[in-house]
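Undergrad: Given the structure of chain A, go ahead and fit chain B onto it with the hints provided.
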Amino acid sequence: MSQRMNRREFLRVSASVAAGAALAACAPPAAQPAKEAEKPAGKTAPTPAEKKITVKFMNWWGAEREAIMNEVIARFEEEHPDIEVVNAVQPWDNRAERAATAIASRNPPAVIMTPRVETYKFAHEGLIIPITEYVKASGLNVDEIFYEGEINNQRWEGELWAFPLPTAGGATGQYLYNKKLLSKAGFDPEKPPETWQELEQVAKAVTVLDEAGIQVLGADVGNFPAWLYTNNGKYCTDDARKLTFNSPEGVETLEWMVKFTNEINGGIENVNDFWEGTSDTSADFPFYTDRVAIWFTGVWAFGHLKTWDPELWKDTNSWGAALRPYNGNNPKAAHHGVSGLQWAWGYVIPKNLPKEVQDAAYKWVEFLGTDPRGGCYFLFKQGRPSPVKKCNENPEYYKANPYWDVVLKSLESDVSVPITPVQSQIDDILNQAIQEAFYGKKDPKEALDWAAEKGQAVLDKFWSGS
Amino acid sequence: MSRRALRKADAVESRAGPLARLSQFKARHRGWIGYVFILPWLVSFLWFDLIPFVLNLYLSFTDYSVGVKWPNWVGLANYTEMFTEDHLYGLSLKNTIYYMGFSVPLGIIFAFAIALLLNTDIRGRTAYRTIYYIPAVVPAVAASMIWLWIFHTRYGILNQVLRLVGIGSIRWLTRPEWAKPALIIMSLWGFGAQMVIFLAGLQGIPGELYEAAEIDGAGHWHKMRYVTIPLMTPTILFNLIMGIIGGFQVFTAAFIMTNGGPLNATLFYMLHLYNNAFRYFRMGYASAMAVVLFFIILIFTLLMMRTSERWVYYGGS
Numbered sequence: 125m126s127q128r129m130n131r132r133e134f135l136r137v138s139a140s141v142a143a144g145a146a147l148a149a150c151a152p153p154a155a156q157p158a159k160e161a162e163k164p165a166g167k168t169a170p171t172p173a174e175k176k177i178t179v180k181f182m183n184w185w186g187a188e189r190e191a192i193m194n195e196v197i198a199r200f201e202e203e204h205p206d207i208e209v210v211n212a213v214q215p216w217d218n219r220a221e222r223a224a225t226a227i228a229s230r231n232p233p234a235v236i237m238t239p240r241v242e243t244y245k246f247a248h249e250g251l252i253i254p255i256t257e258y259v260k261a262s263g264l265n266v267d268e269i270f271y272e273g274e275i276n277n278q279r280w281e282g283e284l285w286a287f288p289l290p291t292a293g294g295a296t297g298q299y300l301y302n303k304k305l306l307s308k309a310g311f312d313p314e315k316p317p318e319t320w321q322e323l324e325q326v327a328k329a330v331t332v333l334d335e336a337g338i339q340v341l342g343a344d345v346g347n348f349p350a351w352l353y354t355n356n357g358k359y360c361t362d363d364a365r366k367l368t369f370n371s372p373e374g375v376e377t378l379e380w381m382v383k384f385t386n387e388i389n390g391g392i393e394n395v396n397d398f399w400e401g402t403s404d405t406s407a408d409f410p411f412y413t414d415r416v417a418i419w420f421t422g423v424w425a426f427g428h429l430k431t432w433d434p435e436l437w438k439d440t441n442s443w444g445a446a447l448r449p450y451n452g453n454n455p456k457a458a459h460h461g462v463s464g465l466q467w468a469w470g471y472v473i474p475k476n477l478p479k480e481v482q483d484a485a486y487k488w489v490e491f492l493g494t495d496p497r498g499g500c501y502f503l504f505k506q507g508r509p510s511p512v513k514k515c516n517e518n519p520e521y522y523k524a525n526p527y528w529d530v531v532l533k534s535l536e537s538d539v540s541v542p543i544t545p546v547q548s549q550i551d552d553i554l555n556q557a558i559q560e561a562f563y564g565k566k567d568p569k570e571a572l573d574w575a576a577e578k579g580q581a582v583l584d585k586f587w588s589g590s
Numbered sequence: 002m003s004r005r006a007l008r009k010a011d012a013v014e015s016r017a018g019p020l021a022r023l024s025q026f027k028a029r030h031r032g033w034i035g036y037v038f039i040l041p042w043l044v045s046f047l048w049f050d051l052i053p054f055v056l057n058l059y060l061s062f063t064d065y066s067v068g069v070k071w072p073n074w075v076g077l078a079n080y081t082e083m084f085t086e087d088h089l090y091g092l093s094l095k096n097t098i099y100y101m102g103f104s105v106p107l108g109i110i111f112a113f114a115i116a117l118l119l120n121t122d123i124r125g126r127t128a129y130r131t132i133y134y135i136p137a138v139v140p141a142v143a144a145s146m147i148w149l150w151i152f153h154t155r156y157g158i159l160n161q162v163l164r165l166v167g168i169g170s171i172r173w174l175t176r177p178e179w180a181k182p183a184l185i186i187m188s189l190w191g192f193g194a195q196m197v198i199f200l201a202g203l204q205g206i207p208g209e210l211y212e213a214a215e216i217d218g219a220g221h222w223h224k225m226r227y228v229t230i231p232l233m234t235p236t237i238l239f240n241l242i243m244g245i246i247g248g249f250q251v252f253t254a255a256f257i258m259t260n261g262g263p264l265n266a267t268l269f270y271m272l273h274l275y276n277n278a279f280r281y282f283r284m285g286y287a288s289a290m291a292v293v294l295f296f297i298i299l300i301f302t303l304l305m306m307r308t309s310e311r312w313v314y315y316g317g318s
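Chain order of the listed sequences is A and B. Taken in order, the first sequence gives residues 125 to 590; the numbers are from the numbering used here. Taken in order, the second sequence gives residues 2 to 318; the numbers are from the numbering used here.
Extracted from the complex, chain A is given alone in its bound form (with noise of 0.2 Å):
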């Protein structure tokens, strides 16, 4: 008998492998773990070993933090010897596309770590659980345990999905400053600019500019969040339906930025032209080489100048920390800091798990966001504050960093901005606008109306659930 097959057999029979193959691959894993294949012949009672619970625990702390988290990780196994975590390390290249996939696979990791954005667009996918349940059986009172502006980056829709670490505020509600370049411009060390006027002033008398740019740049006005809440402005409304960055605080933030970086750097150009190529983990950062008088950035420039300039670390008459300056002719302003847009860091629990595996997954994101042994551990490892209240108060921290109570200060009064799953294209969107001002395109209340207008159209489209 001929067993001739024709080319539409053929083909039929190909896409069959084909598909048979794939879908093999994506098929979650047995639930019989490979150990559990290993277990000798003969050996019927399981060992403790055998029961074990695997958590796979994927993140972006890499380089010297991935030693400090398995220590964590070494402690959180000791007290649950039922549980393990596997540290996953992940590289930094393609990062979104990696979390969303793998949180979108059959088979996610037990606990992902990711940006408040992306958590708050897997919550609204139904892609993660939420944890209040959980926390509320543990008889947690996160309100208590954290900031303000902490908890609040990780709540949406009424409920919690994960616990913040490390802190999203920092990041923007403080600033470094040289001394000697103060001292030089005739300016007391010890009084840094506490309003926008004074930074004006020393921002005017160090700025140094040549044919090719900035040699010595006083002060970068970036950051319109930022400043916009030390004007008493406001991002958007409290229930993140209405934008409101274009308000008359929001137009006389953004006039002052762009006339500050004109008529002192030389323009937005000067400005991007001194930073590029630029790192804080790098030895030649201007800031560590006296070429930057005020620097605006966060809590982890303190472990970053301890590692790369340790003598200027040591010499405290040499530099400085003070809260972010604000409109000193606007009676309601204050210091302020952003806790956080899009960038407030979570660990979420995929939906798309064995119950009991969500259970230890909540066990160890629980560890690690609240316990002294755990998230508190390591970041005072790495120099940089806790999100959890009580961390902070370690008197170790007074004794590590000159400024802790600046630290502090600044935790206390970051504000958490209500976002939505698509703050990534509003954010987009007022950046367009902000540069624009900047290279003069749009005079700055028509660039942020524009801003507003486009951004409000996302989100009144996302809201409306189209």
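Just so you know, the hints here were simulated from the structure itself, not pulled from any lab data. These numbers were taken from a predicted model, which means no experiment stands behind them. Warning: the hint list may mix true and false statements.
Restricting the straight-line Cα-Cα distance to at most 30 Å, the calculated cross-link-like pairs of lysine-lysine (DSS-like) are [as the list claims (entries may be wrong)]:
1. A:K430 <-> A:K328
2. B:K70 <-> A:K566
3. B:K70 <-> A:K487
4. A:K523 <-> A:K533
5. B:K95 <-> A:K585
6. A:K565 <-> B:K181
7. A:K565 <-> A:K578
8. B:K27 <-> A:K578
9. A:K180 <-> A:K514
10. A:K383 <-> A:K315
11. A:K260 <-> A:K514
12. A:K505 <-> A:K479
13. A:K523 <-> A:K505
14. A:K383 <-> B:K70
15. A:K180 <-> B:K70
16. A:K383 <-> A:K303
17. A:K176 <-> A:K533
18. A:K328 <-> A:K569
19. A:K566 <-> B:K95
20. A:K430 <-> A:K505
21. A:K315 <-> A:K533
22. A:K578 <-> B:K181
23. A:K176 <-> A:K260
24. A:K315 <-> A:K513
25. A:K383 <-> A:K578
26. B:K181 <-> A:K569
27. A:K479 <-> B:K70
28. A:K315 <-> A:K430
29. A:K175 <-> A:K475
30. A:K304 <-> A:K533
31. A:K430 <-> A:K533
32. B:K70 <-> A:K475
33. B:K95 <-> A:K565
34. B:K70 <-> A:K569
35. A:K585 <-> B:K70
The following residues of chain B were derived to be distant from chain A, with all beta-carbon distances above 12 Å [unchecked claim]:
36. L119
37. Y129
38. F295
C-beta atoms are modelled at their ideal positions from N, C-alpha and C, and glycine is treated no differently.
TA: Below, chain B alone, put in the same frame as chain A:
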């Protein structure tokens, strides 16, 4: 194979064991054994090209976002938004066409010129060929980092040279007017792959044609004009089409060096698509953008193929 031959093969099998069975198997299935050889490609084509393409086409009519199992059908909404609401869509397309319009012809001219030089009898020709090819194998990310420093306004080597010759500094990556030209200059650095193809083409030109031209009194220019260039037109067409396809897909340099700025001057089509897919998680919209890009490239390619009848010379045609 005839029935009689098969019966014979069966008889042989019953007498001669496994070897004969193998021989019989081969005889029976000779017709489709070729398919087995192309099976790896076929599976890869189905799984990595055809099925994603069809799925992408379907998703472009939905509001698909990451993790959504059953996205909503939105008809032509994504396409309508692209052409009427998305204020960056037209700009990203314009930026891409500008980039492609300069980088592709300049790349071809540059690669062709170097290939001509490397096709002459100079000493160390092989070494030169290797040296010129090396940039083509440098990863795009590494090349971008190198070029970031080359373009640096204050410390970059390019501006140092410009200052030496009295032109002065150019803000390559921070001034909107210069950002695209900077990336076009950078694109020329990877001309090695095109150069190798040109070299292969040049070496395929029969020597007797040049001899005949010389007998007719042709100098260097005339040999180039009437022999080399006409015979290289199929290679030029190939490089042109590949260049257009690559030009429309420019991404890495802008992603790493400028992130689309300043003032969206380097927001290329693929970067805008990427932002929609992985920053905004608007996969359905990004799919629609991919479909439109496919048709744009297809149209350009067909246009090239159609016009090639007028300017591409195939020997004997």
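Undergrad: Does each hint fit the structure? Answer for all of them.
TA: Right, here's what the structure says about each hint:
1. A:K430 <-> A:K328: The given pair, whose Cα atoms are some 29 Å apart, holds under the 30 Å limit.
2. B:K70 <-> A:K566: violated, 43 Å
3. B:K70 <-> A:K487: holds, 29 Å
4. A:K523 <-> A:K533: Satisfied, since the Cα-Cα distance of roughly 17 Å is no more than 30 Å.
5. B:K95 <-> A:K585: Holds, because 27 Å separates the two Cα atoms, which is no more than 30 Å.
6. A:K565 <-> B:K181: holds, 19 Å
7. A:K565 <-> A:K578: The given pair, whose Cα atoms are some 17 Å apart, holds under the 30 Å limit.
8. B:K27 <-> A:K578: Status violated; Cα separation ~68 Å.
9. A:K180 <-> A:K514: holds, 28 Å
10. A:K383 <-> A:K315: holds, 24 Å
11. A:K260 <-> A:K514: Judged against 30 Å, a Cα distance of about 20 Å means the pair holds.
12. A:K505 <-> A:K479: Roughly 33 Å separates the two Cα atoms, so the pair is violated.
13. A:K523 <-> A:K505: holds, 13 Å
14. A:K383 <-> B:K70: violated, 50 Å
15. A:K180 <-> B:K70: Distance ~24 Å between K180 (chain A) and K70 (chain B) Cα, so the pair holds.
16. A:K383 <-> A:K303: holds, 25 Å
17. A:K176 <-> A:K533: violated, 43 Å
18. A:K328 <-> A:K569: Holds: K328 (chain A) and K569 (chain A) sit about 25 Å apart, inside 30 Å.
19. A:K566 <-> B:K95: holds, 21 Å
20. A:K430 <-> A:K505: The hint holds at about 12 Å.
21. A:K315 <-> A:K533: The given pair, whose Cα atoms are some 17 Å apart, holds under the 30 Å limit.
22. A:K578 <-> B:K181: holds, 26 Å
23. A:K176 <-> A:K260: Distance ~25 Å between K176 (chain A) and K260 (chain A) Cα, so the pair holds.
24. A:K315 <-> A:K513: holds, 28 Å
25. A:K383 <-> A:K578: holds, 25 Å
26. B:K181 <-> A:K569: holds, 29 Å
27. A:K479 <-> B:K70: Judged against 30 Å, a Cα distance of about 21 Å means the pair holds.
28. A:K315 <-> A:K430: The given pair, whose Cα atoms are some 23 Å apart, holds under the 30 Å limit.
29. A:K175 <-> A:K475: With Cα atoms ~22 Å apart, K175 (chain A) and K475 (chain A) stay inside 30 Å; holds.
30. A:K304 <-> A:K533: Distance ~24 Å between K304 (chain A) and K533 (chain A) Cα, so the pair holds.
31. A:K430 <-> A:K533: holds, 21 Å
32. B:K70 <-> A:K475: Holds - the C-alpha atoms of K475 (chain A) and K70 (chain B) are around 13 Å apart, at most 30 Å.
33. B:K95 <-> A:K565: Holds - the C-alpha atoms of K565 (chain A) and K95 (chain B) are around 19 Å apart, at most 30 Å.
34. B:K70 <-> A:K569: violated, 43 Å
35. A:K585 <-> B:K70: holds, 21 Å
36. L119: The assertion about L119 (chain B) holds, with a minimum of 34 Å to chain A.
37. Y129: holds, 31 Å
38. F295: Non-interface label on F295 (chain B) holds, nearest chain A Cβ at 21 Å vs cutoff 12 Å.
In this structure, the hints that do not hold are numbers 2, 8, 12, 14, 17 and 34, in rising order.
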